[in-house]
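Q: Got chain A; can you put chain B on it based on the hints?
Sequences listed follow chains A and B, in order. Residue 290 is where the first sequence ends in the working numbering, and the numbering goes up by one at each step. Residue 280 is where the second sequence ends in the working numbering, and the numbering goes up by one at each step.
Hints were generated in silico from the structure; no laboratory data involved. This structure is a prediction, so every number in the text was calculated from the model and none was measured. Heads up, a few of these hints could be off.
What the hints assert, rightly or not - With a straight-line Cα cutoff of 20 Å, these simulated SDA-like cross-link-like pairs (lysine to any residue) come out: (1) B/K207 x A/R114; (2) B/K207 x A/F81; (3) B/K76 x B/F93; (4) B/K157 x B/D182; (5) B/K76 x A/Y106; (6) B/K76 x A/R114; (7) B/K76 x A/E55; (8) B/K207 x A/P119; (9) B/K207 x A/E122; (10) B/K207 x A/R86; (11) B/K76 x A/R87.
Said to hold, decoys possible - Non-contacting residues of chain A with respect to chain B, defined by C-beta distances greater than 10 Å in every case (computed): (12) G11; (13) T52; (14) T53; (15) A76; (16) A278.
Heads up, the beta-carbon is just placed ideally off N, CA and C, and yes, glycines get one too.
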Amino acid sequence: MIRLAVVSGKGGTGKTMVAAALADISGVPQVLADCDVDAANLELLFEPRRITTEEYLGLEAARIDPAVCRDCGICADHCRFGAIVRRNDAWEVDPLHCEGCAVCTYVCPTGAARMEPRPSGEIYTSATDRGSLAHARLFPGSGNSGLLVTEVKKRAESLADGAGLLLADGPPGIGCPLIATVGGMDAVLIVTEPGVSALHDIERLVTVCRRFGVRIFAAINRFDLAEDIRARIEDYCRREDIVVAGEIPFDPMVIDAVRNGRPVTRGAASPAADALRALRDTLFAELGLS
Amino acid sequence: MKIAIASGKGGTGKTMVAANLGFTLALSREAALVDCDVEEPNLHLFFPAQALTAPVTTPVPEIDPDRCTLCGECGKFCRFGALSVLKDRVLVFPHLCHSCGGCTLVCPQGAVREVPRTIGRVACSSPIPRLTLVSGVLNEGEVQAPAVIRAAKALSKAHPLTIYDASPGTACPVIETIDGSDACILVTESTPFGLHDLRLAAEVAEKMGIPAGVVINRSDGRDEETLAFCRERGLPVLMTIPFSREIAAVQNRGGLICRDLPGWEERFMALFDGIAGVVA
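Just chain A, same shape as in the assembly (with noise of 0.2 Å):
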């Protein structure tokens, strides 16, 4: 099985349209996973037939039992991330600061310091006309969203019974999210746009893909916007010895397509769903997969 993942740098550069498209004309017997667990958007596109949901815990917080606590305030000298706070003359923990460190439990003479377990968002497998689909809810401003990352991965190979691709749709940035998608892929696309930001961005997120050993590919979406940046980024391409499997013109369609709940390649003809048609027959065609 090939594990590719759509990524970007900088976001709304237009992954999960990129990701969308490829997995609707792929052809290719499938498993999908929707890796931006903070603002997942795949499910936007294939309505879903939600098969399991499971409870996501992350790490353990921290809580005071006010009813132990003796209020002499160790445990907030030690909290290195501020997460123990003053309120109602009692202290309280912040669920949206504390790492889950468990000093304060370590510190605590009263034993009033305890590590709960802390929900911290869903994880799903649902059904699609296009494949499973393993994605995720992380609950707003909850942290550790790499590992509910590797949690919807290991979803997604477990259905991957007989599929010949594993298509992922990435987070932006390169932090732990990012790292955590990238990890064990085969290859990553790329999504950029004739931009300066884009730019900037996509040569840090190189030096991070470098690292995992896989295959880069670029795509460059909306490329009609900013010939000269085009340009541009194609040269860094060419320098870095990564294949630019398709350019995207700007197109209308595009946002109708989203506003309908659809991959731009599933309706009317149009030059977006064109480019990504070649952008997929040059991509598979790199990776092996017919």
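A: Leaving out everything else, chain B in the frame of chain A:
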């Protein structure tokens, strides 16, 4: 006043709003812009200038093999898997360390001390009169984005008027960024993705008790659903930026619409008045 700019969804135009707001404010007063999108910082691309940089370090454990008895307490305590006690030595995985200091507390031999480890940097510049730009930059391959965000915010702490540019998403880096802000500007675009993620971002701001207002970017005039959501949540729509190839072109080349296109300086000033009104 401290204003955070967030979005949930990436690429809705947070940095564009932050850069234009910062530039506009600096025409008449002192302002600080802080790039808290430390994984992919971009604000400096709109304000080329010589910057002073300083490393951001976090404390990580170092084991003194002469004192260590391999008792295993540190490895047992560490919830992040950053210490692994083997038969003949202790392995430290510094990139997993959250710098809680627990290992130094639990070691009965005093064999653990903390040493600084560089995970990123902060860069500080004054690209135009009255504007201070602070950028947090996480080193490639590192995961402790919140520590770099804290360092960048600390540099601008004393500043009376500060704008924080957040990363996309709704997880720990976003919390770290908007924590302590007086108001939050949520930048969205009127697509189902934009609205879905605006909902999440609004939930984060609400959870943290920070008042918020909305900027709708790249509007094609079909904003009904977003407007309905904002009405329902009592979120004022402070500004609507239409989609236009002209705006996209200025933006893509690292320009500022408040400087390069007529009429936008006034609109960003009005955005500032609007968000100040949300705080009051």
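Q: Confirm or reject each hint.
A: Hint-by-hint comparison with the structure:
1. B/K207 x A/R114: At roughly 23 Å apart (the allowed maximum being 20 Å), A/R114 and B/K207 break the hint.
2. B/K207 x A/F81: With a Cα-Cα distance of about 18 Å, the restraint between B/K207 and A/F81 holds, given a limit of 20 Å.
3. B/K76 x B/F93: holds (14 Å)
4. B/K157 x B/D182: Roughly 13 Å separates the two Cα atoms, so the pair holds.
5. B/K76 x A/Y106: Between B/K76 and A/Y106 the Cα gap is close to 12 Å, so the pair holds against 20 Å.
6. B/K76 x A/R114: holds (16 Å)
7. B/K76 x A/E55: Distance ~26 Å between B/K76 and A/E55 Cα, so the pair is violated.
8. B/K207 x A/P119: Satisfied, since the Cα-Cα distance of roughly 16 Å is no more than 20 Å.
9. B/K207 x A/E122: holds (19 Å)
10. B/K207 x A/R86: Distance ~18 Å between B/K207 and A/R86 Cα, so the pair holds.
11. B/K76 x A/R87: violated (32 Å)
12. G11: Contrary to the label, A/G11 does not stay out of reach of chain B, its closest Cβ about 1 Å off (not over 10 Å).
13. T52: holds (22 Å)
14. T53: holds (18 Å)
15. A76: holds (14 Å)
16. A278: The claim holds: A/A278 sits with its nearest Cβ about 23 Å from chain B, beyond 10 Å.
Of the numbered hints given earlier, the model fails hints 1, 7, 11 and 12; all others are met.
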